[in-house]
Every structure is written in C-alpha cells, then in structure tokens.
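**Q** Each chain, written out:
2 protein chains.
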Amino acid sequence: MAGLDEVITNLVGVFLKYAGDDGGKKPKIKQDDVKGMLEQEILSPELKAVIDADEIEEATKVMDKNDDGEVNFHEYCRCVTKLAKTYYINKTGRGDKKGKKKEQK
Amino acid sequence: MAGLDEVITNLVGVFLKYAGDDGGKKPKIKQDDVKGMLEQEILSPELKAVIDADEIEEATKVMDKNDDGEVNFHEYCRCVTKLAKTYYINKTGRGDKKGKKKEQK
Chain C
1 MAGLDEVITN
11 LVGVFLKYAG
21 DDGGKKPKIK
31 QDDVKGMLEQ
41 EILSPELKAV
51 IDADEIEEAT
61 KVMDKNDDGE
71 VNFHEYCRCV
81 TKLAKTYYIN
91 KTGRGDKKGK
101 KKEQK
Chain P
1 MAGLDEVITN
11 LVGVFLKYAG
21 DDGGKKPKIK
31 QDDVKGMLEQ
41 EILSPELKAV
51 IDADEIEEAT
61 KVMDKNDDGE
71 VNFHEYCRCV
81 TKLAKTYYIN
91 KTGRGDKKGK
101 KKEQK
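Residue numbers (the UniProt record's numbering), protein chains in the order written: chain C, 1 to 105; chain P, 1 to 105.
Extracted from the complex, chain C is given alone in its bound form (with noise of 0.2 Å):
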C-alpha cells in the first residue's frame, strides 16, 4: 500500500494530467470532460463494485461548485473525498446515515 506521500503527488499528478495548461491561467478541468476522467480513472474492479455510474454522475454534478463550466483543484480535491467516502463506507461498513452500504454486485 503506497504511503500518504504518493496520494498526494498522484492526487497532483491526476489533476494536472487532465487539467488544460491555456498559458499563465490556473489549471482547471472543463466540466464536460470530468465524467470521462472518473469513468477512464477508476478501473480497478473493487472500486467500480462500489462508485458506479449514479455516482460517477453524482460526483460530477457537484465538482463544479462555483457552476463556471470549469473545476478547480479545490473542486476536484472535494470530489475525489466524496468517492473516498463511498468506497470508506462500503469498505467499513460504516457512515453517517447518509452513507448506505453497497451490496457488492
């Protein structure tokens, strides 16, 4: 298991990969192109059992807080803890009572 220096320079690393780079801007990811990277990143077949498509669309639908068509690092830090959470729950088969566990398909 990688440490927490790896989650953090690959939760960078994700970003800027899918991030455009339009000359001295910030980084953002244009919202129509979020959905496509959660659904070409998560692969690993114990997680898509848990973040399917609902909330693959759920997650995209609140990254962009601010509605500016685009997200920000921010944006996507809090998107990527909302799928941890999921996976969290289903993993400890606890949460708030929001969170409900995942029968595993």
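No wet-lab data here; the hints were simulated from the structure.
Warning: the hint list may mix true and false statements.
As the list makes no split between identical chains, a pair holds if one copy fits it or if it spans any two.
What the hints assert, rightly or not - With a straight-line cut-off of 20 Å between C-alpha atoms, the simulated PhoX-like cross-links for lysine-lysine are:
#, residue 1, residue 2
1, Lys-25, Lys-35
2, Lys-85, Lys-26
3, Lys-26, Lys-48
4, Lys-91, Lys-35
5, Lys-91, Lys-65
6, Lys-61, Lys-91
7, Lys-48, Lys-30
8, Lys-17, Lys-85
9, Lys-25, Lys-48
10, Lys-26, Lys-82
11, Lys-25, Lys-61
Since this is a predicted model, take the numbers as computed values, not measurements.
Using the hints, position chain P against chain C.
**A** Just chain P now, kept in the frame of chain C:
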C-alpha cells in the same frame, strides 16, 4: 503515475492503518497520533521540501474540526486535501492570495 482509483484506495487504506478499531465504533485517529502519522507518511524529499514542520503543525491543528480529540475520515480527508493544495501551489506556482510559493530549500 498511479490513477485515481489507487489514490482513493490508498487514501482509505492509510486512514484505516492508523485509525483504531475499538469494536463497532467508527474508526478514528487519536489527535495526538496525527502529527506522528504525517511525519511517518510524508517521506519523499520532493514533498518534505514543500510540506515542512510548519505545514504539518498547521494541518494537525485544523484536522480535529469538532474538537473531540479524535479525527474521523472526513476530517482526515480535509487535512490531506490541504497538504495536497500546498504541494499543488508549489508545483504549479499558482494559488490564491493565501497560497504562497515556497522556495525549495
């Protein structure tokens, strides 16, 4: 570079490695153990040059948001996101007013 699914599974894995499992209750990391965890987990020279003792101190302080002396998964993710933003700002040289680029020592 690992994909987002590894980031998510490792983010959860590192938390569960440090969070005690006192039978049935939600896994939490004791506030006193947080600093030690961050020091043990952030080893890569690249990251240590950016996330120094001050950053770890600051992250440790904000982690226990509800001040119950313990850190739950959501508080832990907020802290990792904060550290990732420090690394992101340093790597891209871009951040909001608060984020200042750290000279590599």
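**Q** The structure should be examined with respect to each hint, and the outcome stated for every one.
**A** Status of each hint after checking the structure:
1. Lys-25 x Lys-35: neither (23 Å within a copy, 35 Å between copies)
2. Lys-85 x Lys-26: between (27 Å within a copy, 13 Å between copies)
3. Lys-26 x Lys-48: neither (31 Å within a copy, 24 Å between copies)
4. Lys-91 x Lys-35: neither (24 Å within a copy, 25 Å between copies)
5. Lys-91 x Lys-65: Neither, since 28 Å and 24 Å both go past 20 Å.
6. Lys-61 x Lys-91: Cα proximity of Lys-61 and Lys-91: none, with 24 Å in one copy and 28 Å across.
7. Lys-48 x Lys-30: neither (23 Å within a copy, 31 Å between copies)
8. Lys-17 x Lys-85: Only across copies: Lys-17 and Lys-85 sit 16 Å apart there, 23 Å inside one copy, limit 20 Å.
9. Lys-25 x Lys-48: For Lys-25 and Lys-48, the Cα distance exceeds 20 Å both inside one copy (34 Å) and across copies (27 Å).
10. Lys-26 x Lys-82: between (23 Å within a copy, 18 Å between copies)
11. Lys-25 x Lys-61: neither (24 Å within a copy, 32 Å between copies)
The earlier numbered hints that this structure contradicts are 1, 3, 4, 5, 6, 7, 9 and 11.
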